[in-house]
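Colleague: So you can see what is in the structure, the chains are spelled out below.
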Amino acid sequence: MELDAGDLIAKVRARDADAFEALYDAYHRLVYGVAMRMLGDASAAQDVTQSVFLKVWSSPDLFRSGNFSAWIVRVTRNRALDVLRSRNAHPEVELPEALPETDAIEDVAFARLDAAAVRNALDDLPPEQRQPIELGFFGGITHDEIARRTGIPLGTIKTRIRTGLRKLRSSLEGAVNA
Amino acid sequence: MNASHDAMLDDVAVYALGTMSAADAQRVREHLRDCAECRAEYEALAPAAASLALAAEDAAAVPSELMKSRIMREVRREAAPAADPPIRRARPWAAYLVAAACLAFAVYSSLVNLSLERQLKQVQTASTGVSDTTVADLTNPSAQRFPVNGGVIVRVHDRLYLAMHDMPKPPQGKVYQAWTLPKGSKKMAPSVTFVPNASGGAVVALPVDARITTAVAVSVEPVGGSLQPTSKPVLVEQFG
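Protein chains in written order, with the numbering used here: chain A, 1 to 178; chain B, 179 to 418.
Mixed in with the good hints, there may be bad ones.
To be verified - Which stretches of chain B does chain A cover? Using the computed rule of at least three CB atoms under 8 Å from a CB of chain A, they are:
1. 195-207
2. 223-233
Stated by the list, open to error - Some chain B residues close to chain A (C-beta under 10 Å, calculated; not the full set):
3. Glu215
4. Arg248
5. Ala258
6. Val313
7. Ala314
8. Asp315
9. Pro319
10. Asn327
11. Pro385
12. Val386
13. Asp387
No wet-lab data here; the hints were simulated from the structure. For glycine and all other residues, C-beta sits at the position ideal for the given N, C-alpha and C.
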């Protein structure tokens, strides 16, 4: 999937509708899945999906280099955060849509894993680590808000996120090398 | 390592997860520029955090075909002319021909009630196989082919076909039903019902005059078909 994304986006810049359709076919499940998980509402998730892909079409230059999956996930999360804000959830999280220093790292994550492996690794985390990670990533709320909502001290939340991510990394390394 | 730096490593993890406020994230970014240990921690944790998005990808949960159709209409309106030829390039036909050759092409001729039967009779095909004419039409190099998600619509002279692959089996008691839009009409007309074969393939000859048909849709309907769609279409293609 990732091998052709750069080529396809170059064609989209030249207003090639077939290349855009190929990008849509390759990434719409990922975009819709993330939006659905964050918003819990099929109609809103569809609106976000449509908005994300129309943005890809109208502003392909916003994707400069690196990993297309990682970039489109960031764009999707930001659109979903806009929706959450409009619901008065007031998430403060801001995700820069260009983080060159992360591209090579995220390349590895997206190129070598699949959904089942990640779900299994998440399921293996203790609930006290999985909960703040999922709340943060899909709930669009900051670690301060997670601490407020759960009544757990802020420092404990941060440590659990770090410990959970380290375990997740270890499990995923096992999945990649299996 | 002191406690304050250990706390910074926790912050780096939260930053990698992308759940920091803009101000906090800026503080961590500045620290990462100067601290090799924290950079190494970030590089270790960021892939795990990024991979979380994959957990949300669900093969069974997809946006409607109608949405794709809306997006592509807008895109093709703005596309470079060369990228949107009136006759799109042919795709490999081997898969369709294999599907056609061994097709248990099931078009349901039994209808739920007599009233419905009368109204659908003219559009129901009773074919149980793929005719030589169909195979010839599907492989005709001058046929117009309109790719759709999971298949293609083929127009040859006045004949119109829907050739699909990898279609999920419809739920118990349900079938797929095609709908066609006559030129000048705003209302989709009910067409044949069908179920894909065991491999998910289906080749459907649509009993309409292709020269005056401008769109095809497919929805999941009760066995016997419906006079009005009762579910969101799984496919919509406007080509006229």
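Colleague: Against this structure, judge whether each hint is valid.
Modeller: Consistency of the hints with the structure:
no.	hint	verdict
1	195-207	holds (count 8)
2	223-233	holds (count 11)
3	Glu215	violated, 14 Å
4	Arg248	holds, 7 Å
5	Ala258	holds, 4 Å
6	Val313	violated, 27 Å
7	Ala314	violated, 27 Å
8	Asp315	violated, 24 Å
9	Pro319	violated, 20 Å
10	Asn327	holds, 7 Å
11	Pro385	violated, 29 Å
12	Val386	violated, 26 Å
13	Asp387	violated, 28 Å
In summary, the numbered hints that this structure violates are 3, 6, 7, 8, 9, 11, 12 and 13.
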